[in-house]
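S.K.: Spelled out from the first residue to the last, the chains are:
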Amino acid sequence: MAEPAPLMALTALPPRGRYGAYGGQYVPETVMPALDELVREAPRALADPAFQAELVRLQATYAGRPTPCYFAERLTAHHGGAQLWLKREDLLHTGAHKLNNALGQVLLARRMGKRRIIAETGAGQHGLATATVCARFDLPCVVYMGEEDMRRQAVNVYKMRLLGATVTPVTSGTRTLKDATSAAIRDWVTNVGDTHYVIGSAVGPHPYPWLVRTLQSVIGREARQQLLAQAGRLPHTVVACVGGGSNAIGAFAGFLADPEVSLLGVEAAGRGLDGPDNAASLVAGRPGILHGAYSYLLQDQDGQVLETHSVSAGLDYPGVGPEHSALRDSGRARYVGVDDAQALAAFHRCCRLEGIPPALETAHALVAAGELAATLPPAAVVLVCFSGRGDKDIDTVRAAGEAPPG
Amino acid sequence: MSSLPPGAVRLQAALAVGPAIAVVPYLMAGYPAAEATVPCLLGAAAGGAAVVELGFPFSDPLADGPTIQHAGQVALAQGMGVARALAQLRAARAAGLTVPVVTMTYLNPIWQYGLERYCQDAAAAGADGLLIPDLPADEAGPAAAAATASGLGFVAMVAPTSTPARIAAAAARATAFLYCVARTGVTGAGDGVPEEALALLGRVRAASPLPRALGFGLGHRDQLVALQGRAEAAVVGSALLEALAEAPDPGVATARFVRRLR
Ligand SMILES: Cc1ncc(COP(=O)(O)O)c(C=O)c1O
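Protein chains in written order, with the numbering used here: chain A, 1 to 406; chain B, 1001 to 1262.
Fair warning: there could be bad hints in the mix.
Unchecked claim - One-sided excerpt, in silico: chain B residues whose CB lies under 8 Å from chain A:
no.	residue
1	1003
2	1060
3	1081
4	1109
5	1115
6	1135
7	1157
8	1159
9	1161
10	1166
11	1181
To be verified - Covered by chain B, per the in silico footprint, the following chain A stretches (three or more residues, Cβ under 8 Å):
no.	stretch
12	179-192
13	284-291
I should point out that these hints are in silico values taken from the structure, not numbers from a laboratory.
For each residue, glycine too, the CB sits at the ideal point set by N, CA and C.
Construct all of the structure, not just a fragment, from the sequences and the given hints.
M.R.: In structure tokens form, the structure reads like this:
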């Protein structure tokens, strides 16, 4: 057996909280002292052997790490070409990569003496992960969720409530992830003294993008070791879906230092990139400021943030983490859009061929990965970050109609 | 502080008249109706406002509670934006508005407009200063410089949670006045004057001679009386916007509301 993968890519904080031009801290003054505290305390905690030991122990015995790296033989045969390998974050407790972040941040909040936890959620996976860890550590947990998302992810709402969390419907604006995030930030502004905001993706003001990326980098670190051991090579490309960008940046983090490995992020093209009904900030947006950071953003000419659309609640967000904006501009990573219909087809394909229902978010990555694999030789490896399982999306898929033949 | 921008000079002078606490009404451009901005600005002046804060709507106002969020949504639905709001300010000046005006907008709308272009156009339209609630002192260098270059005063915010170092940084950025947030929270009507507000006002006075405008949760005359001698100005936003929601004549209602506070 290879040595266990190092816990995380413990990189230094980005200078001045910026990835190139992107990032920063554009928030009301009221929460700035709390961000200053996080900037001080998070690196200290993550570098502390005692903190690391507790996180590793819980990752192994509670969360189910390491997750497997699986060769998807039948999907590979279907697309023809390169081997498709799946990093199985769907097998993590609560069914998605979100637990990596929630576990680390709740441990950090306890260390900082915060007695109350808040979170926003879109698909419900981050809310579920946060509610789970809060149950484990007996902390009160309030999850903000858009009314529209509560409807389309009703099972996760019920699960969060079973775990003792308060799910607060957000009825303003788009009633989806964007406004849930705004509501969570307003709660934080109001209760910042005793409350830690567990942001759910690699977005928000500095140091959140760095913190979330660091906690999610376990995905890429493990996958790199597993691929070397099991496939005997590094991947040609790492593919991941991008909502706010946490599973993608976590997967990419393991390979950023390998120049021969390409990085491909997949955004939600919704009903198409030509019209307004998509959520592809990096592909179709331009830089702007939302939720505390400067990054690519879907906005109108006046700088008003646009309503987005994706069949997948977890990708239905007009912004994206600032490190992705920098990776896009530098060309180190490439970003493409996959639409609702393609993602739904990939959902069915993955069920039928592999016996694994993917989250609709993950299904977007599968489409781009399959198309890419078809252009590569059989010796090549395409690694997909299989960010979550599809149970939560069954109602959406059923409503969308019958499985395509075959 | 040898050469203050002219807008900062006008704002400081307007807040230094005394002895009564200066009233600074907050209006939302395009609320309660697209054409209400000019009458409301004139009404605020007629009611005795020392300075007017003119808000521009943004889709995601992180520092605002339900009332101002709603007002912003109404204004956006009327097609209000930066260029149109500045045109309305220009029209109010043409109609005889003389009190100093501070524009208040979240960063993205003016970032997209262009910071320098915004400051030039705002000054030309008759603004005296600018306040950006999601731009803490650490990030405010470019905006403060653009304001100064266009002759606008810059308003920095401090909160009950601000450390002494952060208060000092905000004081170093501000040229016009310091906006003191009265409570740990978002905007919205309230009662009384929180202890944390009084404590903040004291810490700010120890750190800077700039005028202090207290805002968030203010809307009653008794609150302003309680603040007499403790702050130079009181900003009244949500309570005023609530009073305008059903008003048949928003300009008259603004004047009446402001007059009752004095
Ligand atoms: C399974 C799954 N994948 C991906 C995402 C998108 O988030 P991120 O881009 O932060 O990984 C979500 C968000 O809810 C999710 O639940």
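S.K.: So, for every hint listed, does it hold in this structure?
M.R.: Status of each hint after checking the structure:
1. A cut of 8 Å between beta carbons decides the hint on residue 1003/B: the least distance to chain A is about 27 Å, and the hint is violated.
2. About 5 Å separates the beta-carbon of residue 1060/B from the nearest beta-carbon of chain A, less than 8 Å, and the hint is met.
3. Against a cut-off of 8 Å between C-beta atoms, the interface hint on residue 1081/B holds, since the closest Cβ of chain A lies about 4 Å away.
4. A cut of 8 Å between beta carbons decides the hint on residue 1109/B: the least distance to chain A is about 4 Å, and the hint holds.
5. A least Cβ separation of about 12 Å between residue 1115/B and chain A goes past the 8 Å threshold, and the interface hint is therefore violated.
6. For residue 1135/B, the suggested interface contact is upheld, since its CB lies about 6 Å from the closest CB of chain A, less than 8 Å.
7. This hint holds: residue 1157/B has a C-beta 5 Å from the nearest C-beta of chain A, less than the 8 Å allowed.
8. Look at residue 1159/B: its Cβ gets to within about 4 Å of chain A, closer than 8 Å, so that hint holds up.
9. Annotation: interface hint on residue 1161/B holds; nearest CB of chain A at approximately 5 Å, less than 8 Å.
10. With a least beta-carbon distance of about 6 Å to chain A, the hint placing residue 1166/B at the interface is held under the 8 Å criterion.
11. Interface restraint check for residue 1181/B: the shortest CB-CB distance to chain A comes to about 6 Å, inside 8 Å, so the restraint holds.
12. Figure legend: the stretch 179-192 of chain A, annotated as covered by chain B; annotation consistent (8 residues with Cβ-Cβ distances under 8 Å, at least 3 required).
13. With 4 residues having a beta carbon nearer than 8 Å to a beta carbon of chain B, the stretch 284-291 of chain A meets the requirement of three or more and the stated coverage holds.
Checked against the numbered hints above, the structure breaks hints 1, 5 and satisfies the rest.
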